[in-house]
Structure formats: structure tokens, C-alpha cells
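Listed below, chain by chain, are the residues.
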Amino acid sequence: MSYTKRPDGRKFDETREIEAKVGIIKRADGSAMFRIGKTIALAAVYGPKELYPAFMQKSTTGILRCYYDMMSFSVTERKRPGPTRRSNEISMVTRDALLPVLDLSKFQNTVVDIFINVIQADAGTRCAGICAAAMALADAGIPMKDLVSSVSVGKVGDKIVVDLDKTEEDYEEGATDLPLAFMPGTGKVTLLQLDGNMSKDEIKKALEMGKKACEGIYKVQKEALKARYKK
Amino acid sequence: MSEILVKDKEIVVPGEILAKGMDFLPAGGAIREGENIVACRLGLISVDNRLVKVIPLTGRYIPKSGDMIVGEVAEVGLNGWRVEFGWAFQANISLKDGSNDYIERGADLTRYYTHGDLVVGKIVKIAGPKIIDLTMKGPGLRKLGPGRIIEINPQKVPRVIGKAGSMISMIKEHTGCNMIVGQNGRVWLSGTDPKKEALAVEAIRMIEEQSHISGLTDAVKKFLEKEAKK
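Protein chains in written order, with my numbering: chain D, 1082 to 1312; chain Y, 9 to 238.
Derived by calculation from the structure, the hints in this document are not laboratory data.
Heads up, a few of these hints could be off.
Stated by the list, open to error - Short derived list, chain Y residues pointing at chain D, Cβ under 7 Å: (1) 21; (2) 46; (3) 48; (4) 50; (5) 64; (6) 68; (7) 137.
What the hints assert, rightly or not - What follows is a list of derived Cβ distance ranges for each label pair: (8) Y:17 - D:1169: 40 to 48 Å; (9) Y:206 - D:1153: 40 to 48 Å; (10) D:1146 - Y:234: 45 to 53 Å; (11) D:1169 - Y:110: 56 to 64 Å; (12) D:1098 - Y:15: 30 to 38 Å; (13) Y:210 - D:1153: 37 to 45 Å; (14) D:1282 - Y:17: 43 to 51 Å; (15) D:1100 - Y:40: 32 to 40 Å; (16) Y:158 - D:1137: 32 to 40 Å; (17) Y:171 - D:1289: 50 to 58 Å; (18) Y:73 - D:1100: 40 to 48 Å; (19) D:1285 - Y:42: 20 to 28 Å.
Fair warning: this is a prediction, and the values are worked out from it, not measured in the lab.
From the three backbone atoms N, C-alpha and C, an ideal C-beta is built for every residue, glycine too.
Isolated chain D, as found in the complex (with noise of 0.2 Å):
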């Protein structure tokens, strides 16, 4: 039997509602929430500040450090507090999705913290991390020379959809997850991840599309940045 219709009534490459907002963190030195339909994930950036342990400092340039958590409550079962290998190996590749647009060449021995917590999961988390981190980078006032954008496409029994949420990643006859991040000025990818199976022309679709939708959410990202300080 094939895909034809998404559970919430969505085009296959529609994307769930996106809303974001910046400066959500008083205490923070820039911060942002974003929500792709039921997924929420917040952000916040403090530094640069001076590094520890000391022997982590490198002299030429600041380091990057990023957490990445979902809080115990964001999923149906309730999640044990704490990193866990899913959390950590989602840090990792958040913080080398957000590295290649940052500039700390200027803050040498420093260090600049990321933490993103979800506090509602609904599949995409890490893509929503990496899009609220962009936008809570932009609002501590790290150089950097673009955003980052990230959305999360695959394969859902023989479609290729973008944006899966969790009842299409559960499918009955199998779903094949490809999580994207792109910068969107220059089109480069940052973030590029497989779960399942995927044929070379697949592939290549899916990148397509989800280029599309991170365009989309882009103009998102764009706006809420904008509007802090528009009136």
C-alpha cells in the first residue's frame, strides 16, 4: 500500500507551522525559542567567557561548547534527566551544524556556551535546536556570516516528505529520517544525517526539498530576529 495522504492533512512538502521568538532569556546573553508544529525547543548563549578547565583554551581561537537536552516531561514516557549517548552524539552534531558560519578568531582562551533544552518533542528536535541556537547566536552578537536553517526530510513507506513529525516517523511499513541544516545565504550544508534507507535519487530529492523548506524557515528566523527590535 502506498503513502498517499499525511496524518495532518499536509502537502508533502509542507512543512508544520513555524513560530519563533527571540530574547526569551533575560539572564542570557542572546537567546530564542522556536516551535515547528508540536516541537519546542529553546536556546540560550551565554559568553564569550573565560574558559575551564584551563588546558581546553586555545590560544588561537574560541571553542564552541553545545548542550543539547530534552527535558524529562517533552515526551509522552517520562525521559531520565541528564545527558544520555542519544543527547550527547546531538550536542556533537549541533555544534559542528552551528561552527562553520561563527568567527570566534577574536576571542581567543574563551569559550561560548550553547544550551538547548526541548520542552515539547514531537520528532525534528534536533533541527529545531540547531534553528533556535542560530538565531540565539545572532542575538548574543557572535560574528558569524549567516544563519543556519535546518529542517528534517525523509521517506515515509515510498514518499519523500519533509518535516516529519512522530506518527509518520513510527510508520507501520518504515520511515527513513535524513535531518538537514543549510546556510542559507550560500547553500552550503552543515548538517547531513541518515536513518534507514535511501536510494541516490531519493536522496537527492529529499536534499531538494528540504532546501526549499529551509528557505521557508528562514524568512522565519529572519523576521523574529528583526522584529526585537522593530516598532
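Based on these hints, arrange chain Y on the given structure of chain D.
Just chain Y now, with coordinates in the frame of chain D:
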């Protein structure tokens, strides 16, 4: 060939293309990426002839030599003081720069500045990421007396001071408070009347919130006059 894609005083986000072609030059907050000039900070555009720059609206204070800062003495060492001023690393005041008086070898340095004292100093030299030299010799540089410290966004300090100090002298005039604004976003103020002190704080917060609006000096003046009548 070359064209500018943004208007003066427009808000831009990092990654936005500001100008195309080689006829324009990027200044602070903007970089050249191939043929284009791209913003790398969230801020307001300022176009000055061929120079395109972004005046940042957010971000921490980044030390620059020549800046006057308000800091707190964090450490008293054998040959100087360490001052915390809102940056990742502390600044250093050497014995030579500590005071206009001659400080003798082995003198008790806490007599000049001690742990927790507020000082207003000037950055003389940044010799490396961790080596920031501060001086206390110069007009207006001194230890600060009792008062309160409020922290503001460092990027808004120029607006709080105003053109040639117009904004700050207006607040001083209306509230009778003594005020010192450090480039690092720390404002020291002390007044005789706590109510007027609170009014000065409110005025500063108002400037911070509406710093990107033009005609702010008049708005603040109106606000202060209205509050004074109450």
C-alpha cells in the same frame, strides 16, 4: 555595476547581503564574501559613501584600548590589582599606573584600592587575549564612592551618553545624580535623593529599550519633566 541592497538605518541579520560589487568596502560588523558584502552582526546599517558597516544592537562588551570602564577590584597582588569588568578576563593595574602618588616598594596596596572597590579606569593596552592593562592616571579616573551600579547593554552606551554627552548631562541636570557610564555597560550613579536616583535608573532603562528610535533625547526630556512635576 555595484549596487547597495539595503537602506540606511535598516535592521539586518547575519548573512544578509548588503551590497554587490567591489565598489563598496566593508567596515565593522560586515565582511566581504567574494563579490558581496555580508553582515555578520545583528544591527543597524550605516552607509558612509563607499563604506558599509553594521552597528551592532546586541552582544557583550569587547575591550578596546582607550575605553573608559567601570570595574570592581577582584584581587590585590604584590605588584598591582586585578579588575573584573565584564569581559572573560580581568584587567591588570600595575603599580606604576595605580595612582598619581609614588607607591613605595612593599607598601600596603589595600590602602589605595582593596577587594570590592569600584574603580573607573582606562584601558591603555591590550597586549594579548589575557593581558589587558588598565590605568588610573588621568582626568576623571578614580575610585568610586558609595553608589549603585546598573548594567546596561554595552552596545547602547553611546546612546546613553548622547552626542557630546548631551543625554547624560540632561539626566544629571534633572535628577541631581552623579553618574559615570563605562564603555563596558556599567553605570555608576549616586544621588542624595533615592527617589531621584530611581528616576535616573528609569530614564536609563528607557534609553536602553528605545535606543534605535530617532528623536530619543526629546522623548527622555519629556519623560523627566513629566516625572519631576509629580
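Now for the hints, and whether the structure bears them out:
no.: 1; hint: 21; result: 5 Å, holds
no.: 2; hint: 46; result: 6 Å, holds
no.: 3; hint: 48; result: 5 Å, holds
no.: 4; hint: 50; result: 5 Å, holds
no.: 5; hint: 64; result: 5 Å, holds
no.: 6; hint: 68; result: 6 Å, holds
no.: 7; hint: 137; result: 4 Å, holds
no.: 8; hint: Y:17 - D:1169: 40 to 48 Å; result: 44 Å, holds
no.: 9; hint: Y:206 - D:1153: 40 to 48 Å; result: 42 Å, holds
no.: 10; hint: D:1146 - Y:234: 45 to 53 Å; result: 47 Å, holds
no.: 11; hint: D:1169 - Y:110: 56 to 64 Å; result: 58 Å, holds
no.: 12; hint: D:1098 - Y:15: 30 to 38 Å; result: 31 Å, holds
no.: 13; hint: Y:210 - D:1153: 37 to 45 Å; result: 41 Å, holds
no.: 14; hint: D:1282 - Y:17: 43 to 51 Å; result: 48 Å, holds
no.: 15; hint: D:1100 - Y:40: 32 to 40 Å; result: 34 Å, holds
no.: 16; hint: Y:158 - D:1137: 32 to 40 Å; result: 33 Å, holds
no.: 17; hint: Y:171 - D:1289: 50 to 58 Å; result: 52 Å, holds
no.: 18; hint: Y:73 - D:1100: 40 to 48 Å; result: 44 Å, holds
no.: 19; hint: D:1285 - Y:42: 20 to 28 Å; result: 26 Å, holds
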